[in-house]
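Given chain A, work out where chain B should sit, using these hints.
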Amino acid sequence: MTIKIINAVLAVLCGVGGAVVLFYLLNKLTDLFPRRMHERVKPYVFILPAFAAISLYLLFPFFQTVVYSFANRDSTAWVGLQNYSDLLGDRGFQQTLFNTLLWILVVPALTIVLGLLIATLADRLRPGGEKFTKTIIFLPLAISAVGAGTIWTFIYTQRPPGQAQIGLLNAIWTLLGGDPVAWLQLSTGRLNSLLLMVILIWTQAGFAMVLLSAAIKGVPSDTLEAARIDGAAEGRIFFAIIVPQIRATIITVFITVIIGVLKTFDIVYVMTNGNFNTNVIALSYYQQQFVNRNSGSAAAIVVLLMIVMIPIMAYQVRQFRAQEVAR
Amino acid sequence: MSGTRSVTTTAAPGRSATGSGGFTGTRKGRARAKSGDIGKPAPLWVRTVLALLCLLWIVPVFGLAFTSLRDRVDATDTGWWSVFTSPSQLSRLTVENYSQVIAQADLGTALVNSLAITIPATIIPILIAAFAAYAFAFMEFWGRDVLLVLIVSLLVVPNQVALTPLLNIYGQLGVNGQFIAAWLAHIGFGMSLAVYLIRNYMATLPKEVIESAKIDGASHYQTFWKLIVPMSVPALASFAIFQFLWVWNDLLVALVFIGPGGNQPLTIALVSLLGQQGQGWQLVAAGGFFTMILPILVFLSLQRYFVRGLTAGSVKG
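These protein sequence lines are chains A and B, in that order. Note that our numbering gives residue 54 to position 54 of the first sequence, counting from 1, and the numbers run on in steps of one. Note that our numbering gives residue 287 to position 287 of the second sequence, counting from 1, and the numbers run on in steps of one.
Isolated chain A, as found in the complex (with noise of 0.2 Å):
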């Protein structure tokens, strides 16, 4: 045990310590160029490090990602675009995607419409209370979502009737004269799969407000002076004044969200591993690579949900470049 620590340790040094040693020694061999080729050179050599990990680890493994969806399972025979429409013809992976598209509907939308909240009436509470409440809201986010699974399962676990329950929800539920319900098996108008939006939900809220929260309090105050003095209700100053002038906020929450819910794994795997019509593509792509042993088609499912990302990364595109502008 503690020889891990040890090892963690000597880890830490040796990177660290080869880092500082490869930029020294980097920074001495551009030396060695003619001076007038220094300012030239500089710049590649202080981004070679971090642009040799990006692409060992992400842009590399992408391409042989795209070439293994084009192969058989154990990637040692072509198969075309069989992976593609194997998968788009199966009725299971229409449900994952389905799912998926359902999530991609639900999540991003509450997430806002409770960041919104949270933000602008905790906006109206003292400093002290202001960053009580804001704190609970927040916290979620450190816990991981298998942790945050745990905590969940304490609410929708289900006993047989007759039994006390201690779940919550059935504790609420039997109360009020119900017969337990098994909720995650429960896949009628997709009610398990919500159930498991609440848990991510419940985690980003505090995300959206804190985004959120930041851009209210950026809004001019003396467009709200102007419409108070016009008398003007809360709530339609609120819509009519708040919202637009933080319009560049929510959608950037809404898309880091939707970017959050496409990759979400390790909720669905932890609750239902997938059962009972609750599987997203995420998952999906670990079934198929570590359960049914085929990276033909674990690497199909991928370059699908990276062409769903594409508009994404252009919208973030976009908007990096028109920050740059402004800056």
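Keep in mind the hints are simulated off the structure, nothing from the lab. Do not rely on the hints blindly, as some may be mistaken.
[What the hints assert, rightly or not] Under the rule of at most 27 Å between Cα atoms (straight-line distance), these lysine-lysine pairs were calculated in the DSSO-like manner:
| hint | chain 1 | residue 1 | chain 2 | residue 2 |
| --- | --- | --- | --- | --- |
| 1 | B | Lys214 | B | Lys226 |
| 2 | A | Lys28 | B | Lys214 |
| 3 | A | Lys28 | B | Lys226 |
| 4 | B | Lys226 | B | Lys207 |
| 5 | B | Lys207 | A | Lys4 |
Fair warning: this is a prediction, and the values are worked out from it, not measured in the lab.
Same frame as chain A, now just chain B:
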């Protein structure tokens, strides 16, 4: 660290001081809303709605915390809330579950593993990213804008795109299941966010400082170490917190590259605990709470940096 030099947000281009490092922050020139009613409490309905929401948010955590302290019989026969209705249970609350689950599920080892994975994966990328960020912020070079856009696009890319090929490479190198497999993966996956966050911060530093250093004959290398790194500490810290929470809470990378067994981190240990609920709910709860203590403490004590990081670059791959 006050609102004066905060990071410009992706969210609100050109607007200053949105993320001033704290929740309530400093409100430059803001004499609205609270101006008239400073010291006056908010309307009752506002406080009621917020109190209800807070309750809704914290009750699940309370449930876990209480369950983790109850004895086996209580935890099996009644819900955790009966602690309030039958106070006799209070006397039976125990920390026994913690010592039991730590011994039984070997959470001590898993904790050490989590630390051993997280610490290098958090600290090593910082310097590498800082150098790249410096080049992007202060140097002119051919291809700079294209590479920067590449970094921004990669913020969106899910890690899943890289896992299978990496697994094959790791297999050939024979490093699967070892910490180095996870370290390198987390360094690679976190790099684009690191460069992006730190560069955004550096871009807000005054250019004159760099210029005058140059006139004084300082090289880029010296300027980086002597001036820019000390000035960028807030950005470096906020990336470090991001990366710490990200790696500590990660399940996917750990499952793929480390897997269950002697090197498993807490997240994997907790998944297997959840699969064995027959051992008792109180143990699952204690184990779950045990995995959360450190990130919650880190989070609460370093919140301001975390908020700053969020408002600076609100995307994470």
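Here is what the structure says about each hint:
For the proposed pair Lys214 (chain B) and Lys226 (chain B), the alpha carbon gap of about 12 Å is at most 27 Å, so the pair holds. Between Lys28 (chain A) and Lys214 (chain B) the alpha-carbon distance is near 18 Å, which keeps this suggested pair within the 27 Å criterion. Using a Cα cut-off of 27 Å, the hinted pair Lys28 (chain A) and Lys226 (chain B) holds, with the two alpha carbons roughly 17 Å apart. With a CA separation close to 15 Å, the supplied pair Lys226 (chain B) and Lys207 (chain B) stays within the 27 Å bound.
Proposed proximity of Lys207 (chain B) and Lys4 (chain A) is contradicted: the alpha carbons are some 44 Å apart, above 27 Å.
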